[in-house]
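6 protein chains.
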Amino acid sequence: MRPTVKLVEESSSDPRVRAVFDDIKATKKIDRVPDFWRALAAHPEHLEMVWTRLKATMKPGKLDLLTKEIIALAVSITNSCRYCTNSHTAAVQKLGLSKEAYGELLAVVGLYNMTNKLSDALQVEPDVLPEPW
Amino acid sequence: MRPTVKLVEESSSDPRVRAVFDDIKATKKIDRVPDFWRALAAHPEHLEMVWTRLKATMKPGKLDLLTKEIIALAVSITNSCRYCTNSHTAAVQKLGLSKEAYGELLAVVGLYNMTNKLSDALQVEPDVLPEPW
Amino acid sequence: MRPTVKLVEESSSDPRVRAVFDDIKATKKIDRVPDFWRALAAHPEHLEMVWTRLKATMKPGKLDLLTKEIIALAVSITNSCRYCTNSHTAAVQKLGLSKEAYGELLAVVGLYNMTNKLSDALQVEPDVLPEPW
Amino acid sequence: MRPTVKLVEESSSDPRVRAVFDDIKATKKIDRVPDFWRALAAHPEHLEMVWTRLKATMKPGKLDLLTKEIIALAVSITNSCRYCTNSHTAAVQKLGLSKEAYGELLAVVGLYNMTNKLSDALQVEPDVLPEPW
Amino acid sequence: MRPTVKLVEESSSDPRVRAVFDDIKATKKIDRVPDFWRALAAHPEHLEMVWTRLKATMKPGKLDLLTKEIIALAVSITNSCRYCTNSHTAAVQKLGLSKEAYGELLAVVGLYNMTNKLSDALQVEPDVLPEPW
Amino acid sequence: MRPTVKLVEESSSDPRVRAVFDDIKATKKIDRVPDFWRALAAHPEHLEMVWTRLKATMKPGKLDLLTKEIIALAVSITNSCRYCTNSHTAAVQKLGLSKEAYGELLAVVGLYNMTNKLSDALQVEPDVLPEPW
Numbered sequence: 001m002r003p004t005v006k007l008v009e010e011s012s013s014d015p016r017v018r019a020v021f022d023d024i025k026a027t028k029k030i031d032r033v034p035d036f037w038r039a040l041a042a043h044p045e046h047l048e049m050v051w052t053r054l055k056a057t058m059k060p061g062k063l064d065l066l067t068k069e070i071i072a073l074a075v076s077i078t079n080s081c082r083y084c085t086n087s088h089t090a091a092v093q094k095l096g097l098s099k100e101a102y103g104e105l106l107a108v109v110g111l112y113n114m115t116n117k118l119s120d121a122l123q124v125e126p127d128v129l130p131e132p133w
Numbered sequence: 001m002r003p004t005v006k007l008v009e010e011s012s013s014d015p016r017v018r019a020v021f022d023d024i025k026a027t028k029k030i031d032r033v034p035d036f037w038r039a040l041a042a043h044p045e046h047l048e049m050v051w052t053r054l055k056a057t058m059k060p061g062k063l064d065l066l067t068k069e070i071i072a073l074a075v076s077i078t079n080s081c082r083y084c085t086n087s088h089t090a091a092v093q094k095l096g097l098s099k100e101a102y103g104e105l106l107a108v109v110g111l112y113n114m115t116n117k118l119s120d121a122l123q124v125e126p127d128v129l130p131e132p133w
Numbered sequence: 001m002r003p004t005v006k007l008v009e010e011s012s013s014d015p016r017v018r019a020v021f022d023d024i025k026a027t028k029k030i031d032r033v034p035d036f037w038r039a040l041a042a043h044p045e046h047l048e049m050v051w052t053r054l055k056a057t058m059k060p061g062k063l064d065l066l067t068k069e070i071i072a073l074a075v076s077i078t079n080s081c082r083y084c085t086n087s088h089t090a091a092v093q094k095l096g097l098s099k100e101a102y103g104e105l106l107a108v109v110g111l112y113n114m115t116n117k118l119s120d121a122l123q124v125e126p127d128v129l130p131e132p133w
Numbered sequence: 001m002r003p004t005v006k007l008v009e010e011s012s013s014d015p016r017v018r019a020v021f022d023d024i025k026a027t028k029k030i031d032r033v034p035d036f037w038r039a040l041a042a043h044p045e046h047l048e049m050v051w052t053r054l055k056a057t058m059k060p061g062k063l064d065l066l067t068k069e070i071i072a073l074a075v076s077i078t079n080s081c082r083y084c085t086n087s088h089t090a091a092v093q094k095l096g097l098s099k100e101a102y103g104e105l106l107a108v109v110g111l112y113n114m115t116n117k118l119s120d121a122l123q124v125e126p127d128v129l130p131e132p133w
Numbered sequence: 001m002r003p004t005v006k007l008v009e010e011s012s013s014d015p016r017v018r019a020v021f022d023d024i025k026a027t028k029k030i031d032r033v034p035d036f037w038r039a040l041a042a043h044p045e046h047l048e049m050v051w052t053r054l055k056a057t058m059k060p061g062k063l064d065l066l067t068k069e070i071i072a073l074a075v076s077i078t079n080s081c082r083y084c085t086n087s088h089t090a091a092v093q094k095l096g097l098s099k100e101a102y103g104e105l106l107a108v109v110g111l112y113n114m115t116n117k118l119s120d121a122l123q124v125e126p127d128v129l130p131e132p133w
Numbered sequence: 001m002r003p004t005v006k007l008v009e010e011s012s013s014d015p016r017v018r019a020v021f022d023d024i025k026a027t028k029k030i031d032r033v034p035d036f037w038r039a040l041a042a043h044p045e046h047l048e049m050v051w052t053r054l055k056a057t058m059k060p061g062k063l064d065l066l067t068k069e070i071i072a073l074a075v076s077i078t079n080s081c082r083y084c085t086n087s088h089t090a091a092v093q094k095l096g097l098s099k100e101a102y103g104e105l106l107a108v109v110g111l112y113n114m115t116n117k118l119s120d121a122l123q124v125e126p127d128v129l130p131e132p133w
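Residue numbers (our numbering), protein chains in the order written: chain A, 1 to 133; chain B, 1 to 133; chain C, 1 to 133; chain D, 1 to 133; chain E, 1 to 133; chain F, 1 to 133.
These are calculated hints, taken from the structure and not from any lab test.
If you're wondering where the values come from, they're calculated on a predicted model, not measured in any experiment.
Treat the hints with care, since some could be wrong.
[Unchecked claim] To list a few chain E residues with every Cβ distance to chain A over 12 Å, as calculated: (1) K25; (2) K28; (3) R32; (4) L66; (5) E131.
[Said to hold, decoys possible] Covered stretches of chain C, as calculated for chain D (at least 3 residues, CB under 8 Å): (6) 35-48; (7) 75-83.
[Stated by the list, open to error] Mimicking BS3-like on lysine-lysine, the simulated pairs with C-alpha atoms at most 27 Å apart in a straight line are: (8) E:K59 - B:K99; (9) F:K62 - F:K6; (10) F:K59 - E:K28; (11) C:K6 - C:K62; (12) F:K94 - A:K6; (13) E:K99 - F:K29; (14) A:K99 - A:K29; (15) B:K28 - A:K62; (16) B:K6 - D:K6; (17) A:K94 - D:K55; (18) F:K55 - D:K99; (19) A:K99 - D:K55; (20) E:K62 - E:K6; (21) F:K94 - C:K59; (22) B:K59 - D:K6; (23) C:K94 - D:K6; (24) A:K55 - A:K25; (25) B:K6 - B:K29; (26) E:K59 - F:K25; (27) D:K6 - A:K99; (28) F:K28 - F:K59.
Don't be surprised by glycine CBs; every beta carbon is placed ideally from N, CA and C.
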């Protein structure tokens, strides 16, 4: 399969694209730009919008980076996204998630994909509610 | 709306159901059985299978309980499960997740639901791969 | 909540709508037209297209009607469709599915929603393939 | 693509893994362990939990095995799970589902994926309800 | 049901929130802030990020605003999002989509939700490919 | 990967299949039948039903063909359907959608996949409602 757009070269002459590419490599401490970003770069304004948002969102805050990547992986698996499941599995691995912890993550993701559907099937109305924050 | 099955009373005379109900209340430190479990109890063997599995999976291990509940919430939101989104939001709140941390969780879940679809749209082949564990 | 269109009355003067409504009641042996069909009737041509197709598809063939309704229910639960989960649960019940059989259906639907995601998470390539029919 | 974990060899020296692998082959009457199970085996406790549950759930009961595999296939298609769609298509084929019956299954799965979304679009409240079992 | 956070009052004293609320009302030409935005405002930085992005994305460009709202509605229906299906249906209606055009939109959304699953079921490899842009 | 059925040859001797294949090529102005239709043709009655419906639904009406294909693409991306994402991207391209317009479409699809989940997470009840058509 090939992407729907031409992947933009890292050596792109568009200064906006170059700036984002450089920031991606510096922020993620990697030496090549992943193809997802090279595809998004077909539309430089969109690339900038997505990267800016991702960088702001993934900055460690009340949740640390590993927890945020674990959430990203849980979402990607639940959405059956192949590219994202691979790249976020690689990310949690790089951040030190052990094989055992990965196994626990799988078990939790599997379990709640099951109970979500059991709950939908049974049509139970919510009775355990958070106190609005 | 009403459930598709009659909710089983906590005072059920079925010993298998009673044992699970008691264990749910003791394990979760709550004093009533949530309706999801009362609905599952319409089929005692299934109730037992789901609860046993949930209890084993949610036991703190390499991942702590809060991280596991965060994963459960990310999955439930991504699946648009109303009952589960409410109950897992209540769970992370009870475990001490702050309002700010909850805001970060929302931002991460929202972001990757977006990038998952951008990646599917662009049909990029996985190029960032984990080292098989 | 209210529907996005005005529900069409059973006494509609549109002959196309009336014909479909009469056929729905006769085919399903019910004495009122469910709201889903009354909503679709806001667009008579679309109503006709959906009903014609549904009638042809649900006609007992190599698979009997109960098996077809079981499939409809499994799809509706997996899609978290509230209206459909209710109406197809009612349908299998009317066709005689016992409480025990319903419990087995729930267990199977729950189980494969779990293994589907485990399989996506692990990124295993298909190795068990049907012989093309 | 490669799996996120190393597939465990059938000749694994872990007795828990061996026991499950042997049981899979005996129960399914196959002479090699499918890759899904070899991947799950990277976490033996999880493998055991999933297999035990699957074996109990798929045991013929009020629903026969073919009906259960038909449900599994309908769920897998609706979730767009490639591995699972292949393996459950192979399973229903092995259990004797004819080409014509498979065509009917496709038509039913397609139809309800359509009506599920029409119902969500029109925001019709459930009016056809089962009598709680 | 109640939201998981306290809805922020339009008269909020937080200047960042006020600025976004004022911009929402001016941009959308409405005189009250929809509850979705009042809920997001529980986290002012997130509110700002989502609104800024939405405003930039929905600005008429090569695609006009109605086409963009039609896409938003198609996505919301496919995701079974109740709040969003209501608000984007209201939006296309306000922009002048006729009842007949709405019927066509429903038919198209329904149709492709069906063919998407038939295609997944049949496991056909992509053979109609765009020329990468 | 191979399809689950044998693709039917364009030179099929089944007159019903031949008629649909000829109509597909004439209607879409293409000189070969895409594999999706060759797979559906394994069940001629189903092929006819899907094609007839698709042809009627995609006929330009109140919405023009490009808008309908844009909806089809938005649905296909949201469902993560690979075959369909490729073929509908090819379709909008053939109908003249520019690279810039495609970029806007991606941004809109991405954005609402995000806000759909934020809205589900926050459990906000619909407050912006269409006037029933």
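Restraint check for K59 of chain B with K6 of chain D, where alpha carbons must lie at most 27 Å apart: The hint holds at about 26 Å.
Pair hint outcome, K94 of chain F versus K59 of chain C [Cα-Cα no greater than 27 Å]: Between K94 of chain F and K59 of chain C the Cα gap is close to 39 Å, so the pair fails against 27 Å, i.e. violated.
Restraint status (C-alpha distance of K28 of chain B to K62 of chain A at most 27 Å): Satisfied, since the Cα-Cα distance of roughly 25 Å is no more than 27 Å.
E131 of chain E remote from chain A - nearest C-beta pair above 12 Å: Per Cβ check, E131 of chain E is inside 12 Å of chain A; nearest 9 Å; violated.
Status of the stated non-contact between K28 of chain E and chain A (beta carbon gap over 12 Å): holds (20 Å)
Interface exclusion of K25 of chain E relative to chain A, criterion Cβ beyond 12 Å: With a cut-off of 12 Å, K25 of chain E remains clear of chain A, as the shortest Cβ separation is near 23 Å.
Distance restraint between K94 of chain F and K6 of chain A, which requires alpha-carbon spacing of 27 Å or less: holds (17 Å)
Chain D over the segment 35-48 of chain C, status - at least 3 residues with CB closer than 8 Å: Satisfied; 4 residues make the cut.
K59 of chain E paired with K25 of chain F [C-alpha distance capped at 27 Å]: violated (38 Å)
Proposed proximity, K25 of chain A with K55 of chain A (alpha carbon, max 27 Å): Status holds; Cα separation ~12 Å.
Restraint check for K6 of chain D with K99 of chain A, where alpha carbons must lie at most 27 Å apart: holds (11 Å)
Pairwise hint evaluation, K6 of chain E against K62 of chain E, where the allowed Cα distance is 27 Å at most: violated (38 Å)
Figure legend: structure checked against the earlier numbered hints; hints not met, in rising order: 5, 8, 9, 10, 11, 13, 16, 17, 20, 21, 23, 26.
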